[in-house]
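Novice: Here are the chains, one letter per residue:
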Amino acid sequence: MPPFKLNIPVTLDPYLYLAMKTHNYNVFSDEELLALLHQDDTLSLQIIFSRYYAPLTQFSTIFTKDNTISEVLISDLFMNLWDNRKQLQIRLLKPYLFQAAKNLSLNHLKKHKPLLEPLENHETLLSGHLTPFEILTNRESQQRILSLINLLPERQREVLLMSRIEQIDKTNIAPLLGITVRTVETTLYQAIKSLRTLLSTSEKKK
Amino acid sequence: MEELYYQLITEYYHQTITERDLTILQEWVASNPAHETEFREVILILDASKLYYKSPVNQENNWAKITAYINQNKQPVKRKFPFAKLAMAASLILIIGFGINQYKTHKSNPQNQLNEITNPYGQQSSFILPDSSIVYLNAGSKLKYPKHFAAHKRLVILEGEAFFDVKHKTTQPFIIQTGKVSTTVLGTSFNVKAFPKESHIAVTVKTGKVGVVFKEKNHPAVTNFLLPDQQLQIDTKTGKTNKNEINAEAICDWRNYRMVFYNASLKEITSTIARTYKLDIELEDPAMAAIKVTTSFNKTPVDQMLKTLAILTGSHYTKSNNTIIFYK
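Sequence lines, in order, name chains Y and F. Residue 89 in full-length UniProt numbering sits at position 89 of the first sequence, and the numbers go up by one each step. Residue 56 in full-length UniProt numbering sits at position 56 of the second sequence, and the numbers go up by one each step.
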């Protein structure tokens, strides 16, 4: 691998740099932040954190199904990022972060395998006391869809949920799951199709 | 339903659909009431599955944990050195030499081992002392502290400005030495500003109680006690003190690039900006240094601060690279 290249121009006016640093951190691209991180800049870590903490936590819950655990895992991820800042041989930050989040989440699952799915995932399915009016209101339908998502085939569920995270798109999802962009697309449509089928059958049951 | 329409609806939902595709989708929806139902359902599914995610609840706490973690493991800032290997060899010799020297002096004076943290202009830092007190060190400032605090006192030496959040220890007072002035506390948070080039030292208390002593040979040592939101200014030449009620929160907030000046001289203000943003600011006419200004900046861009100062003092300035000159 070639040595790590700094993307930030070394001749950047320090005056300009400080002005940017103190006013609008977000002018820096991910890769510029990565270069700054390489130079022990703690502020860059903070900016990366504020940019990616929420989407990474969301992403992690697809696997852990537990918000609290995911928040802890993602905090660990940022501590690791800081510890490894000198050794990191990556050009793009975003795919690295999401891949690391996936690995951490799956490792966690391996160590703490849940014995049973939490009951609440099926709760709405089990309770059949919805009035027709409630079924018609959006919130109820949304709740039903949410409970049905966990019944989808694993890959469809993952793709559907990942596609809902604002910071990543299908080109990011494909390498994370080891499939092509085209497969991401078809899997997403299959997921929507399966959900519609599940919706109509769960409606008939009532 | 064909995959094409799923795709169009998804694009419609993300507002990335082209004009042409939008027309195709509209025609498809209008052509059959069943299509309209399908359209609604897909949108509902896309919308509802977003609700799978709850917003994080511990983001701030977790960031605090990460900061604490970083500060514990913070290594001294290393600069790239062209003769790294040579330097390593040289420093090895130095370390051995220093070690022998330390071994010799160690017995006579165990307090001799001082850590020193220096911030150049334009750089702030924060770190945790051996007693787990927290220090925020401002730009252009230096703090020396022993590797191990003595049993009866915690002594540190400051040149410049720092905010201290001191761990409470009743039997082990925390003392900050700044030239002739020493500040003693048991456990509280406060700010000390003592730049050698400035004519006075300022101690501002945020929480708790702080004692400040000015010591000189022909001068009686008087302890001034300060309470929260009080500031003591001491003239380093005459020892004359001046106590003010002040918003301590604002004074201590330089850590977030906020600057507050109450009746401060232009010289003091420009030096503060120069330190914080690594600039060189000069006053063409020395008489301008004494002009008093009251103003505050909150993460204000440098150019805007300079403009404001020029207006307030009725002067002008020129800027080339990192050098700024104020003139009448």
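Derived from the structure by calculation, the hints contain no laboratory data. Watch out, some of these pointers could steer you wrong.
Straight-line distance between alpha carbons at most 25 Å, and here's what the computed DSS-like set of lysine-lysine pairs gives [unchecked claim]:
1. F:Lys-65 - Y:Lys-170
2. F:Lys-54 - Y:Lys-110
3. F:Lys-54 - Y:Lys-65
4. F:Lys-65 - Y:Lys-111
5. F:Lys-237 - Y:Lys-102
On the chain F side, residues computed to face chain Y include the following (Cβ under 7 Å) [what the hints assert, rightly or not]:
6. Leu-4
7. Tyr-6
8. Ile-43
9. Tyr-52
10. His-152
11. Lys-153
In this text the structure is predicted, and so the values were computed from the model without any measurement. Just so you know, even glycine gets a beta-carbon here, dropped at the ideal spot from N, CA and C.
Novice: A separate judgement is required for each hint: does it hold in the structure or not?
Specialist: Hint-by-hint comparison with the structure:
Annotation: proposed proximity of Lys-65 (chain F) to Lys-170 (chain Y) is violated, straight-line Cα distance about 33 Å (limit 25 Å). Annotation: proposed proximity of Lys-54 (chain F) to Lys-110 (chain Y) holds, straight-line Cα distance about 24 Å (limit 25 Å). For the suggested pair Lys-54 (chain F) and Lys-65 (chain Y), the alpha carbons sit about 11 Å apart, so the restraint of at most 25 Å is met. This hinted pair checks out: Lys-65 (chain F) and Lys-111 (chain Y) have alpha carbons roughly 24 Å apart, not beyond 25 Å.
A C-alpha spacing of about 62 Å is found between Lys-237 (chain F) and Lys-102 (chain Y), which places the hinted pair above 25 Å, so the restraint is violated. With its C-beta approaching chain Y no nearer than about 9 Å, Leu-4 (chain F) sits outside the 7 Å limit, and its interface hint is violated. Taken as an interface hint, Tyr-6 (chain F) checks out: its beta carbon lies about 4 Å from the nearest beta carbon of chain Y, inside 7 Å. Contact between Ile-43 (chain F) and chain Y, as hinted, is not supported at the beta carbon level, the nearest pair being about 10 Å apart and thus beyond 7 Å.
Taken as an interface hint, Tyr-52 (chain F) checks out: its beta carbon lies about 6 Å from the nearest beta carbon of chain Y, inside 7 Å. At about 35 Å, the closest approach between the beta carbon of His-152 (chain F) and any beta carbon in chain Y exceeds 7 Å, and the interface hint on this residue is violated. Because the beta carbon of Lys-153 (chain F) sits about 31 Å from the nearest beta carbon in chain Y, more than 7 Å, this interface hint is broken.
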